[in-house]
Amino acid sequence: MQLGYSFCPNDTFIFYALSHGKIATPAPVTEVLEDVETLNVWAMEGRLPLTKISYAAYGRLREHYVALRSGGALGRGVGPLLVARNPLDNLRGKRIAIPGRHTTAFLLLSLRDEGFIPLEMRYDRIMPAVQAGEVDAGLIIHESRFTYPRYGLVKVFDLGEWWEGETGLPLPLGAILARRDLGEPTIRALDRAVRESLEYAHAHPEETVAYIKQHALEMEDEVIWAHIRTYVNEFSLDVGEEGERAVNELFKRAEERGLLPRQPQPAFLI
718 MQLGYSFCPN
728 DTFIFYALSH
738 GKIATPAPVT
748 EVLEDVETLN
758 VWAMEGRLPL
768 TKISYAAYGR
778 LREHYVALRS
788 GGALGRGVGP
798 LLVARNPLDN
808 LRGKRIAIPG
818 RHTTAFLLLS
828 LRDEGFIPLE
838 MRYDRIMPAV
848 QAGEVDAGLI
858 IHESRFTYPR
868 YGLVKVFDLG
878 EWWEGETGLP
888 LPLGAILARR
898 DLGEPTIRAL
908 DRAVRESLEY
918 AHAHPEETVA
928 YIKQHALEME
938 DEVIWAHIRT
948 YVNEFSLDVG
958 EEGERAVNEL
968 FKRAEERGLL
978 PRQPQPAFLI
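Using the numbering used here, read the sequence shown as starting at 718 and increasing by one per residue.
These aren't lab readings, by the way, just hints derived from the structure by calculation.
Possibly wrong hints are sitting among the right ones.
SDA-like mimics (lysine to any residue), calculated; alpha carbons at most 25 angstroms apart, straight line [as the list claims (entries may be wrong)]:
| hint | residue 1 | residue 2 |
| --- | --- | --- |
| 1 | Lys969 | Glu883 |
| 2 | Lys811 | Arg867 |
| 3 | Lys969 | Glu958 |
| 4 | Lys930 | Ala906 |
| 5 | Lys969 | Glu881 |
| 6 | Lys930 | Asn950 |
| 7 | Lys811 | Val873 |
| 8 | Lys739 | Phe724 |
| 9 | Lys930 | Tyr868 |
| 10 | Lys811 | Leu976 |
| 11 | Lys739 | Asp955 |
| 12 | Lys969 | Arg779 |
| 13 | Lys969 | Leu828 |
| 14 | Lys969 | Gln980 |
| 15 | Lys739 | Ala920 |
| 16 | Lys930 | Arg867 |
| 17 | Lys930 | Thr755 |
| 18 | Lys811 | Arg779 |
| 19 | Lys739 | Ala906 |
| 20 | Lys969 | Ala943 |
| 21 | Lys969 | His921 |
| 22 | Lys872 | Asn803 |
| 23 | Lys969 | Arg777 |
| 24 | Lys930 | Phe863 |
| 25 | Lys739 | Arg912 |
Source: prediction; values computed, not measured.
I would like the entire structure built from these sequences, with the hints used as guidance.
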């Protein structure tokens, strides 16, 4: 069974045990590592049975996929940042580099602002593009939140702070989805396996290091573990009631604005 997730330390930390045969699974798991927007597009095609995905993309896919309760990325202090060479008063008419039209980062920016010109780039190209003046600002995710000052960039605003101020809820970023055609028993077994994989990583963090560094774009230990501490938290073990409310609120606001289609299916395993 193919499992898609990103190169980022939080994903390689969570899925180390699962992808290395440390955890019992309903079928052997083969890792497929790609950037999050590629995984979003593949999910639109139904390509992978089990995959990490942006919540913004999941808002279009509930008929065919269901989110597992474990393995996702939600939390406080985890928001995408808008960065630029200099402070910006407003975004109207500005060229903004975004990490993909199906990312939660772009959905949040669209909920907050309008009138900007989005230009899609792979997430690791955004800061160099802003630094070089190819765009007016960039919407950054993943490790970039810790490294943007190295590029001489300043934070324009934090979309996580905006979301938390608007809703009082944690910010939903990404989920682990299982295709509904796998059947409920298999999906529940996969949910348990993802949770056990994360528990294994917490119990044996030293085992995960080589695998994380094999794929990380930023190799410094300080950046890697800051990333993991930020994005791997109690919501990663189980989304919980508060996490579910946050996801439903994101979908509700986006549907009301016409940014996502209305879909009746529940977002998570009951």
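Status of the hints after comparison with the structure:
no. : hint             : in the structure
1   : Lys969 to Glu883 : holds, 14 angstroms
2   : Lys811 to Arg867 : holds, 23 angstroms
3   : Lys969 to Glu958 : holds, 16 angstroms
4   : Lys930 to Ala906 : violated, 29 angstroms
5   : Lys969 to Glu881 : holds, 16 angstroms
6   : Lys930 to Asn950 : holds, 20 angstroms
7   : Lys811 to Val873 : holds, 13 angstroms
8   : Lys739 to Phe724 : holds, 20 angstroms
9   : Lys930 to Tyr868 : holds, 22 angstroms
10  : Lys811 to Leu976 : holds, 20 angstroms
11  : Lys739 to Asp955 : holds, 20 angstroms
12  : Lys969 to Arg779 : holds, 14 angstroms
13  : Lys969 to Leu828 : holds, 11 angstroms
14  : Lys969 to Gln980 : holds, 10 angstroms
15  : Lys739 to Ala920 : holds, 12 angstroms
16  : Lys930 to Arg867 : holds, 20 angstroms
17  : Lys930 to Thr755 : holds, 21 angstroms
18  : Lys811 to Arg779 : violated, 33 angstroms
19  : Lys739 to Ala906 : holds, 15 angstroms
20  : Lys969 to Ala943 : violated, 31 angstroms
21  : Lys969 to His921 : violated, 39 angstroms
22  : Lys872 to Asn803 : holds, 9 angstroms
23  : Lys969 to Arg777 : holds, 13 angstroms
24  : Lys930 to Phe863 : holds, 17 angstroms
25  : Lys739 to Arg912 : holds, 12 angstroms
Hint compliance for this structure: hints 4, 18, 20, 21 are broken, all remaining hints hold.
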